[in-house]
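As they're listed, the protein sequences go chains A and B.
Those letters in the first sequence? Residues 1 to 156, per the UniProt record's numbering, in order.
Those letters in the second sequence? Residues 1 to 156, per the UniProt record's numbering, in order.
Each hint should be verified, as a subset may be incorrect.
Repeated chains share a single entry, so a pair holds when one copy, or any two copies, can fit it.
Claimed, not checked - DSSO-like, lysine-lysine: derived pairs with alpha carbons at most 27 Å apart:
#1 Lys76 with Lys128
#2 Lys54 with Lys18
#3 Lys149 with Lys18
#4 Lys22 with Lys156
#5 Lys7 with Lys76
#6 Lys156 with Lys43
#7 Lys76 with Lys18
#8 Lys128 with Lys46
#9 Lys134 with Lys22
#10 Lys54 with Lys43
#11 Lys141 with Lys156
#12 Lys149 with Lys54
#13 Lys18 with Lys156
#14 Lys76 with Lys156
#15 Lys128 with Lys149
#16 Lys46 with Lys76
Simulated from the structure, these hints should not be mistaken for lab results.
Since the structure is predicted, the reported quantities are computational estimates derived from the model, not experimental observations.
2 protein chains.
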Amino acid sequence: MIEIERKYLVTSDAYRGKAISKERIIQGFLNTHPERTVRVRIKGDKAYLTIKGKSNESGTSRYEWEQEMAITDAEKLLEICEEGRIDKIRYSVPFDNQIFEVDEFLGANDGLVIAEVELNNETEYFDKPDWLGKEVTGDIKYYNSQLGKQPFKTWK
Amino acid sequence: MIEIERKYLVTSDAYRGKAISKERIIQGFLNTHPERTVRVRIKGDKAYLTIKGKSNESGTSRYEWEQEMAITDAEKLLEICEEGRIDKIRYSVPFDNQIFEVDEFLGANDGLVIAEVELNNETEYFDKPDWLGKEVTGDIKYYNSQLGKQPFKTWK
């Protein structure tokens, strides 16, 4: 399927009080090439393998293939992933007709908080909660695949 | 699981008359790093995603995870793979208590024929058919992931 999403920085922690769920995510990458990433993710008590293609020019849309897998397999695959595991807490935050997924990064990316919203098409209008900051859609340095190699704490 | 196998060149086409099956294989790689490869394969009317880890020192043993997938998904994933698709015909050839898989490569690897045998352990003894030539187990240039980038026809 084609995944369409927009990504924003977050300006306050007001989203926490509105969250309907909170889950720990640990993930690694078998491949971090911008034209094809292969991700192993453990999210709560489930695990997934996700392959993403290259983004369109605006960075909003990307081919994505995902398959659930056994957690024990995911743990083995995480061992052979590239260096730079991503560890984060994801809050699911409903606002208006959308669900915003807000990721609080841990470890080497501690301090970074990113919100994503999935859309039905690239021009879909949606109301923005007041804790939503600057848009960073398509900025490669905010890709999780890049945050493993160049973590937030190393940025100037 | 851990896959243990040995790989050989082939000295004649005598295996063809002994084959119990013959299937076309088309495959591409989302990642060809020797420590972690991600392969998309269409084999006959089925498709698979296969992840392999790093080999042990002798090249006989390697962690492998495989998942069957829809052919339509595999076709889409082949489009985002690295350049250098592998196209080959695989013969399954029983000999003594083993099945040898003999791959006749096509396209840019035309002329190359490789036989593989899967073993239960690294020191397992097996009888060799007389069409089996030099062992190439662990020689990275014979990895399918490398044959896409440095095809047989370009070798000196």
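Quiz item: Is it within, between, both, or neither for Lys156 and Lys43, if the alpha carbons may be no more than 27 Å apart?
Solution: neither (30 Å within a copy, 49 Å between copies)
Quiz item: Is it within a copy, between copies, both, or neither that the alpha carbon of Lys76 lies no farther than 27 Å from that of Lys156?
Solution: Neither: 34 Å inside a copy, 39 Å across copies.
Exercise. Check Lys54 against Lys43 for me: Cα-Cα at most 27 Å, and say if that holds within a copy, between copies, both or neither.
Key: both (24 Å within a copy, 26 Å between copies)
Exercise. Can you give me the call for Lys149 and Lys18, within, between, both or neither, at a CA distance of at most 27 Å?
Key: neither (32 Å within a copy, 51 Å between copies)
Practice problem: Classify it for me, Lys76 with Lys128: is the Cα-Cα distance of at most 27 Å met within a copy, between copies, both or neither? | Solution: neither (40 Å within a copy, 34 Å between copies)
Exercise. Evaluate Lys46 and Lys76 at a C-alpha cut-off of 27 Å and name the case that applies: within, between, both or neither.
Key: both (14 Å within a copy, 25 Å between copies)
Self-check item: Lys134 and Lys22: within-copy, between-copy, both or neither at 27 Å Cα
Solution: within (23 Å within a copy, 57 Å between copies)
Practice problem: Classify it for me, Lys54 with Lys18: is the Cα-Cα distance of at most 27 Å met within a copy, between copies, both or neither? | Solution: neither (33 Å within a copy, 45 Å between copies)
Self-check item: Intra/inter-copy verdict for Lys18 and Lys156 if alpha-carbon distance must be at most 27 Å
Solution: neither (32 Å within a copy, 65 Å between copies)
Self-check item: Intra/inter-copy verdict for Lys149 and Lys54 if alpha-carbon distance must be at most 27 Å
Solution: Both. Shortest intra-copy (19 Å) and inter-copy (21 Å) distances satisfy the 27 Å Cα cut-off.
Exercise. Pop the pair Lys7 and Lys76 into one bin, within, between, both or neither, using alpha-carbon distances up to 27 Å.
Key: Result: close only across copies, 25 Å inter versus 30 Å intra.
Exercise. Have a look at Lys22 and Lys156 and pick one of within, between, both or neither, based on CA distance no larger than 27 Å.
Key: Cα proximity of Lys22 and Lys156: none, with 30 Å in one copy and 58 Å across.
Of the hints listed earlier, those the structure fails to meet are numbers 1, 2, 3, 4, 6, 7, 8, 13, 14, 15, in rising order.
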